Amino acid sequence: MKYEEAMKRLDEIVSGIEENKMDIDQIGESLKEARELIKFCKDKLYKTDEEIKKILETED
Amino acid sequence: MEAITLLELNGRVKSTLQFEMPDAYWVQAEISSISPSGQGHCYLELVQKDATGRNFLAKAKANIWRGTWLKLKPYFEAQTGETLKVGMKVLLQVTVTFHEVYGYSLVVQDIDPTYTMGDMARRRKEILEQLEKDGVIGLNRELEIPALPQRIAVISSATAAGWGDFRDQLANNIYGFRFYVKLFPAAMQGDDVERSVISALNAVALRRDDFDVVIIIRGGGAVSELSCFDSYNLAFNIANFPLPVITGIGHERDDTVADVVAHTKVKTPTAAAEFIINRVFDTASELENLTRRMSDAITEKMNAEKVRIERMSQKLPSLFAVLKTRQEQVLETLWIRSVNGVRNMLTAQAHKLEIVDKTLAAADPHVILKRGYSLTRLNGRAVKCVSDLKKGDRLTTVFADGSVESEII
Numbered sequence: 011m012k013y014e015e016a017m018k019r020l021d022e023i024v025s026g027i028e029e030n031k032m033d034i035d036q037i038g039e040s041l042k043e044a045r046e047l048i049k050f051c052k053d054k055l056y057k058t059d060e061e062i063k064k065i066l067e068t069e070d
Numbered sequence: 005m006e007a008i009t010l011l012e013l014n015g016r017v018k019s020t021l022q023f024e025m026p027d028a029y030w031v032q033a034e035i036s037s038i039s040p041s042g043q044g045h046c047y048l049e050l051v052q053k054d055a056t057g058r059n060f061l062a063k064a065k066a067n068i069w070r071g072t073w074l075k076l077k078p079y080f081e082a083q084t085g086e087t088l089k090v091g092m093k094v095l096l097q098v099t100v101t102f103h104e105v106y107g108y109s110l111v112v113q114d115i116d117p118t119y120t121m122g123d124m125a126r127r128r129k130e131i132l133e134q135l136e137k138d139g140v141i142g143l144n145r146e147l148e149i150p151a152l153p154q155r156i157a158v159i160s161s162a163t164a165a166g167w168g169d170f171r172d173q174l175a176n177n178i179y180g181f182r183f184y185v186k187l188f189p190a191a192m193q194g195d196d197v198e199r200s201v202i203s204a205l206n207a208v209a210l211r212r213d214d215f216d217v218v219i220i221i222r223g224g225g226a227v228s229e230l231s232c233f234d235s236y237n238l239a240f241n242i243a244n245f246p247l248p249v250i251t252g253i254g255h256e257r258d259d260t261v262a263d264v265v266a267h268t269k270v271k272t273p274t275a276a277a278e279f280i281i282n283r284v285f286d287t288a289s290e291l292e293n294l295t296r297r298m299s300d301a302i303t304e305k306m307n308a309e310k311v312r313i314e315r316m317s318q319k320l321p322s323l324f325a326v327l328k329t330r331q332e333q334v335l336e337t338l339w340i341r342s343v344n345g346v347r348n349m350l351t352a353q354a355h356k357l358e359i360v361d362k363t364l365a366a367a368d369p370h371v372i373l374k375r376g377y378s379l380t381r382l383n384g385r386a387v388k389c390v391s392d393l394k395k396g397d398r399l400t401t402v403f404a405d406g407s408v409e410s411e412i413i
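Just so you know, the sequences run in chain order A and B.
Number 70 marks the last residue of the first sequence (our numbering); no jumps.
Number 413 marks the last residue of the second sequence (our numbering); no jumps.
Not one of these hints is a red herring.
Here are the simulated lysine-lysine pairs, DSS-like style, with alpha carbons at most 25 Å apart:
id	chain 1	residue 1	chain 2	residue 2
1	B	186	A	64
2	B	310	A	31
3	A	63	B	186
4	A	57	B	186
Keep in mind that the hints were calculated from the coordinates and are not lab data.
Every value quoted in this text rests on a predicted model; they were computed, and no experiment measured them.
Excised from the complex, chain A in its bound form (with noise of 0.2 Å):
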């Protein structure tokens, strides 16, 4: 996935929460959902991705 695919489901899910269009049994999956969503926003802001890392210094 894609950081900014994640922040756009992120983005529904608040916002359907905000809106109430959530009952309180699917809160609480979508609020699974969006810890992990932002778990892994967070992890590609903060954290090295090894892979991309690999990546980048094969040389051409």
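Fit chain B to the known structure of chain A by using the hints.
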């Protein structure tokens, strides 16, 4: 016939020139060669070309003596940001000299940098017009810089201070964001800029999926020599590049053509790093914001639910009481209705019985006999018709108080 020596001839040419053309002239020309000497002088060759640019219309040597060169060089470079070089159009103030051995040459007294700047600006404008005409000028600007531009292809000279500054600033950003930077080396000054930057761009393009943005940077030298970035081919490549291109080629003057066609132009490599960091900061802020909104929304929702449950549980007893009363009323009504029903039914039955009783009473033969009627029987059976009887029959006549026997005669 009187002959003179070559020296005498050249001497006459020299004095004629000195006598006839003693003034200084402002001359427009193009530099076709330039070579600074070990003694601190500068030797130029000036030309004027025809409209095709292929043929020379005029040519002259020009010398800038050390004393003049020491003043003119820094002045010209400060004004234009360029060093004097081949192909440059210049406006020089010259005096005309003739030397018996070295021949005709010009001595440069002064230079007007605005002419050169005007010429460079005109060339830039022409290139920009051509790019506009070819429909490529805004192409790179139409691309979007991703929310998280972390994978950065840098085109710069490996030895440039600007490259080091850029890398350090990204690596040491105060927010702790992660960046992945790869250098694609290219010449950042001199005649090789156009070719080597284009070839670096091509190398990035081959791995375009590995990168989010391309940054072209160079450290600012004493002289910026930006005219190499006023190149149609380079600009065409930048404009058509599939990733957003950011330029930070270090200068104060008007934008180069490369800057104009780039997605974003900043002044220095440091500013380029800041631009990237700010972009990621915005993205991180957006994430923070979403996270906060998320927790606010959840808290609010939970509070609302709590209030709802509380309100319900408060309402329940009174609701129940109302319900109870209502049910009791229903039961009461039903009770009354059933009691009444039973009572009515009983009354009706009693009435019916009474009628039956009366009817029965009226039909009692004994009562009828009492009224004066009598019953005639023949052989135990009631006689209803005279025709049923014949002479000699023995009849029993029943009265209220007894019976008699008789015989028909």
